[in-house]
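Colleague: Take a look at the letters that make up each chain.
2 protein chains.
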Amino acid sequence: MSTKTQEPVIARVSDLPTSEARWVTLKKIEYVDQVGKARTWEVAMRKTRAAKAGVDAVAMGNVLVHPSRPPATLIVIQYRPPLDAYTVEWPAGLVDEGETAEEAAVREFKEETGYDCSVVSVSPVQAADPGMSNANMQLVMVEVQLPEEDGERPQQRLEDGEHIETVIVPLAEFYDRLVEYAKRPRTIVAAKLFHFAHGMNFAQTNKYGI
Amino acid sequence: MSTKTQEPVIARVSDLPTSEARWVTLKKIEYVDQVGKARTWEVAMRKTRAAKAGVDAVAMGNVLVHPSRPPATLIVIQYRPPLDAYTVEWPAGLVDEGETAEEAAVREFKEETGYDCSVVSVSPVQAADPGMSNANMQLVMVEVQLPEEDGERPQQRLEDGEHIETVIVPLAEFYDRLVEYAKRPRTIVAAKLFHFAHGMNFAQTNKYGI
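Quick note, the sequences are listed as chains R and G, same order.
All the letters of the first sequence, read from the start, carry residue numbers 1 to 210 under the numbering used here.
All the letters of the second sequence, read from the start, carry residue numbers 1 to 210 under the numbering used here.
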């Protein structure tokens, strides 16, 4: 699916004045803590949160269901400039103004993977990285029903500049495959994806007899 | 364990010039993408990453093992100014200069919970929020062996200004309890913790017959 023709390369990293930033910003929070003491905290924020939804982003935990093949999940691999690396993630995207989490999930999943999906569940709002930012997200679990003869993989509908490789992984191999991806050069697995797969593996091995 | 005496309150939120920020910063990345096109990306970064470890933070996925009680995990609840809310997380902390992930995990776990723990496994480095920042972390799984008569909960060793409530949750109730926490006012569950518990629940219900 990828149109990759060369390895991305960083030319320059420079300080970005807060006043010039378009997508993210820095804020200083002055607050009074639990014992009445005045304190400050520095926070990074997205400038794009849609007011209505009150949530920055959705990620799509997904299961591809096929009549005869084992259940699988689709992961996306893309170059992420903040890390100068290829990340392994579930499909995700920002929630647009006026959209619900469900609508954003179905739209973004179609764009990034080409598949139509149905929503199975929507998680509570979760804090993406609570010590550093106010970024938040919802995990939307979705299902794709594949026909017996599903033929070629559907076309993505990527925006200009998006280069996203899609990989289908049987759920039974999910955790082990992520561990393998993490060993590849210039590759890093996203924490949310790894934690979900780690939780599955933890439950399946059931060392503690839960 | 909490010394909370009043609800924290934010007095003021102001733009923080990048040049004045001490803990986080903004950078502009200029890069050449896969098809040879020059692009830019805005990124938030911590200014505290220890050079040796190359990783910002550790989180401690933990199991409290008791001779006769069911296996449980300890979660921490604390006010997080970036979200103006109480977050539910696993104990976590920044890796200090010269520390390994294992050392940081044992030290931070003792500080936040009062318990001595042993390290069971260390995950690959994971990207905390790859679209927005270069922040990364490792999930260190740890175990605490409790004696039959474990008496009072041990004392935390918190730094000045830290007010961290610890709660012990049986692993069998982990996911359901997080869903309940997410319904409380001014409370948000951290994405990594929720994803781990969600993965456990996904494997345990095993809707897809993995």
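Misleading hints may appear alongside valid ones.
Which copy is meant is left open, because identical chains are indistinguishable; a pair holds if it fits in one copy or across any two.
Said to hold, decoys possible - Heads up, simulated DSS-like pairs for lysine-lysine below, C-alpha to C-alpha not over 27 angstroms straight-line:
1) K110 x K28
2) K37 x K52
3) K207 x K183
4) K28 x K207
5) K52 x K110
6) K207 x K37
7) K110 x K47
8) K52 x K207
9) K47 x K207
10) K110 x K183
11) K110 x K37
12) K52 x K183
13) K47 x K28
If you are wondering where the hints come from, they were derived from the structure by calculation, not from laboratory data.
Colleague: Confirm or reject each hint.
Modeller: Hints versus structure:
{"no.": "1", "hint": "K110 x K28", "result": "neither (38 angstroms within a copy, 30 angstroms between copies)"}
{"no.": "2", "hint": "K37 x K52", "result": "neither (34 angstroms within a copy, 35 angstroms between copies)"}
{"no.": "3", "hint": "K207 x K183", "result": "within (25 angstroms within a copy, 30 angstroms between copies)"}
{"no.": "4", "hint": "K28 x K207", "result": "neither (44 angstroms within a copy, 45 angstroms between copies)"}
{"no.": "5", "hint": "K52 x K110", "result": "within (23 angstroms within a copy, 41 angstroms between copies)"}
{"no.": "6", "hint": "K207 x K37", "result": "neither (44 angstroms within a copy, 50 angstroms between copies)"}
{"no.": "7", "hint": "K110 x K47", "result": "within (25 angstroms within a copy, 37 angstroms between copies)"}
{"no.": "8", "hint": "K52 x K207", "result": "neither (44 angstroms within a copy, 33 angstroms between copies)"}
{"no.": "9", "hint": "K47 x K207", "result": "neither (44 angstroms within a copy, 38 angstroms between copies)"}
{"no.": "10", "hint": "K110 x K183", "result": "neither (29 angstroms within a copy, 30 angstroms between copies)"}
{"no.": "11", "hint": "K110 x K37", "result": "between (49 angstroms within a copy, 25 angstroms between copies)"}
{"no.": "12", "hint": "K52 x K183", "result": "between (40 angstroms within a copy, 19 angstroms between copies)"}
{"no.": "13", "hint": "K47 x K28", "result": "both (15 angstroms within a copy, 15 angstroms between copies)"}
The structure does not agree with the numbered hints 1, 2, 4, 6, 8, 9, 10 stated previously, though it agrees with the rest.
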